[in-house]
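Protein chains: 2
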Amino acid sequence: MLHLVGLGLNTGDIPESSLKLCKKCDTYVDNYTSLVSDEYQEWLKKELGKDLHMIGRSSLEEEVGMLLEKAKSGDIAVLVAGDPLIATTHKIIFIEAKKKNVAIAVHHAASILSTLIGESGLDFYRFGSPCTIASWSQDYKPVSFYETIQRNVQGNLHTVVFLDYDNQKRSSMSITEAVRIMFEAEKHYKKWLVYDDMKVVVLHRMAFGDQKKLFLTIKEAAHLDLSPGPSALVYPAKITDIEKEVMQSMY
Amino acid sequence: MLHLVGLGLNTGDIPESSLKLCKKCDTYVDNYTSLVSDEYQEWLKKELGKDLHMIGRSSLEEEVGMLLEKAKSGDIAVLVAGDPLIATTHKIIFIEAKKKNVAIAVHHAASILSTLIGESGLDFYRFGSPCTIASWSQDYKPVSFYETIQRNVQGNLHTVVFLDYDNQKRSSMSITEAVRIMFEAEKHYKKWLVYDDMKVVVLHRMAFGDQKKLFLTIKEAAHLDLSPGPSALVYPAKITDIEKEVMQSMY
Chain A
13 MLHLVGLGLN TGDIPESSLK LCKKCDTYVD NYTSLVSDEY QEWLKKELGK
63 DLHMIGRSSL EEEVGMLLEK AKSGDIAVLV AGDPLIATTH KIIFIEAKKK
113 NVAIAVHHAA SILSTLIGES GLDFYRFGSP CTIASWSQDY KPVSFYETIQ
163 RNVQGNLHTV VFLDYDNQKR SSMSITEAVR IMFEAEKHYK KWLVYDDMKV
213 VVLHRMAFGD QKKLFLTIKE AAHLDLSPGP SALVYPAKIT DIEKEVMQSM
263 Y
Chain B
13 MLHLVGLGLN TGDIPESSLK LCKKCDTYVD NYTSLVSDEY QEWLKKELGK
63 DLHMIGRSSL EEEVGMLLEK AKSGDIAVLV AGDPLIATTH KIIFIEAKKK
113 NVAIAVHHAA SILSTLIGES GLDFYRFGSP CTIASWSQDY KPVSFYETIQ
163 RNVQGNLHTV VFLDYDNQKR SSMSITEAVR IMFEAEKHYK KWLVYDDMKV
213 VVLHRMAFGD QKKLFLTIKE AAHLDLSPGP SALVYPAKIT DIEKEVMQSM
263 Y
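Respectively, the protein sequence lines represent chains A and B.
Positions in the first sequence are counted from 1; adding 12 to them yields our numbering.
Positions in the second sequence are counted from 1; adding 12 to them yields our numbering.
These aren't lab readings, by the way, just hints derived from the structure by calculation.
The reader is advised that the hints may include incorrect statements.
Identical chains share a label here; the pair holds if one copy fits it or two copies do between them.
To be verified - With a cut-off of at most 20 Å between alpha-carbon atoms, the simulated DMTMM-like pairs for lysine to aspartate or glutamate come out as follows: (1) Lys199 / Asp151; (2) Lys256 / Glu75; (3) Lys32 / Glu54; (4) Lys111 / Asp253; (5) Lys110 / Glu257.
No experiment lies behind these values; they were computed from the predicted model shown.
Start from the sequences and build out the full structure, keeping to the hints where you can.
What follows is the structure, encoded as structure tokens:
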């Protein structure tokens, strides 16, 4: 059987039940789709009392065939950052497993989506669909995330804005880079959603001991000097009085 | 300090780091806002090697003053089902804590929102805002959840439909009851969103060993005979080919 095991957000966030499970599995860490820190890897080795196989140089998708083959005769655990099944890659595994008639079990863990929504202090029911600001390259400069924000604003809904994961830098895009792209998107769409005085929520290093939550203008965000680590934004709709009160107590 | 500690979805889902933390805390279980099973409580007692204080008869909100008072001089852990901060109750604690100048730390865990989105097999980015079907009483028959589904359908977005938690039955509303209320809502709004042949996703006992995922017509859902346990629905927008393929491999 193949076990997709969520590691949660920070070192030690793996559920106790999953940790027990991994002790009896041949254990692989997916360090390609997202980041499992060196510290967390060391912690896992120590807790499990064994070495881990790393999936890092080639993508998890390339390794699926080998993993499924092994899962036919034994228990294989694939450890992934956050909660599994959010990444498309992890769903692709199901399709391949079905073809090969290999059973998969999913073991959930703390999720960045739920964490961002909760930590923002904004009302859970007022979040529209999320979007991601993708990294720009010479030939590819996507701005369609703006359309998601626009649709949500029209419905008076908040937007979780994920920032692209940069596998080479081994972190997410910085807030300053994200804001730069937001201004570029504004130039493209011109719907007056991104302007200096607009206030956004910055959520930095969530679930780490030194996490930072800021509610500040986009102009201020453009010059933020944050420590390395994963960041995300929330683009809020109209904030209600109760949301304001909660935010003031949580930030 | 007051620690809000998520327990995740099923027995043993507490993150390893949180389990360690609870060993040095005076530990309370919030069994009022949502359900922490007897089995999970017994498991926690055994793992922690101590008794747990239960918050069950009166609501967590009524107990906040006492908990914060204790948190001034020691480490207090409040254990909650799922991921903290989704429930409004847990945010209210922040407001009270701010007034009393007591620090709060949140320890995230597997979340039902992320689990439902992931397990549905539907595209993460295509979920609009969620809604809850509330229980009906003689005097209170809310149907406004229908408006959320309607807005999402108009934007071709999926909807996570939570079912009200029934503290007395210690479970969620049943799927059959939910479907009954959906048909009542249809009579009220008449937007042709709820009809016999419409297909919905039923997610039952997620993260439990015997979880069930079904993609069936509302008419079939109306007569579903499921074992006790938490259920939820996803009301899908137009399902894409890739989503279909993923669903076929995951259900």
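(message) Of the numbered hints stated earlier in the document, which are not met by this structure?
(response) Number 2 only.
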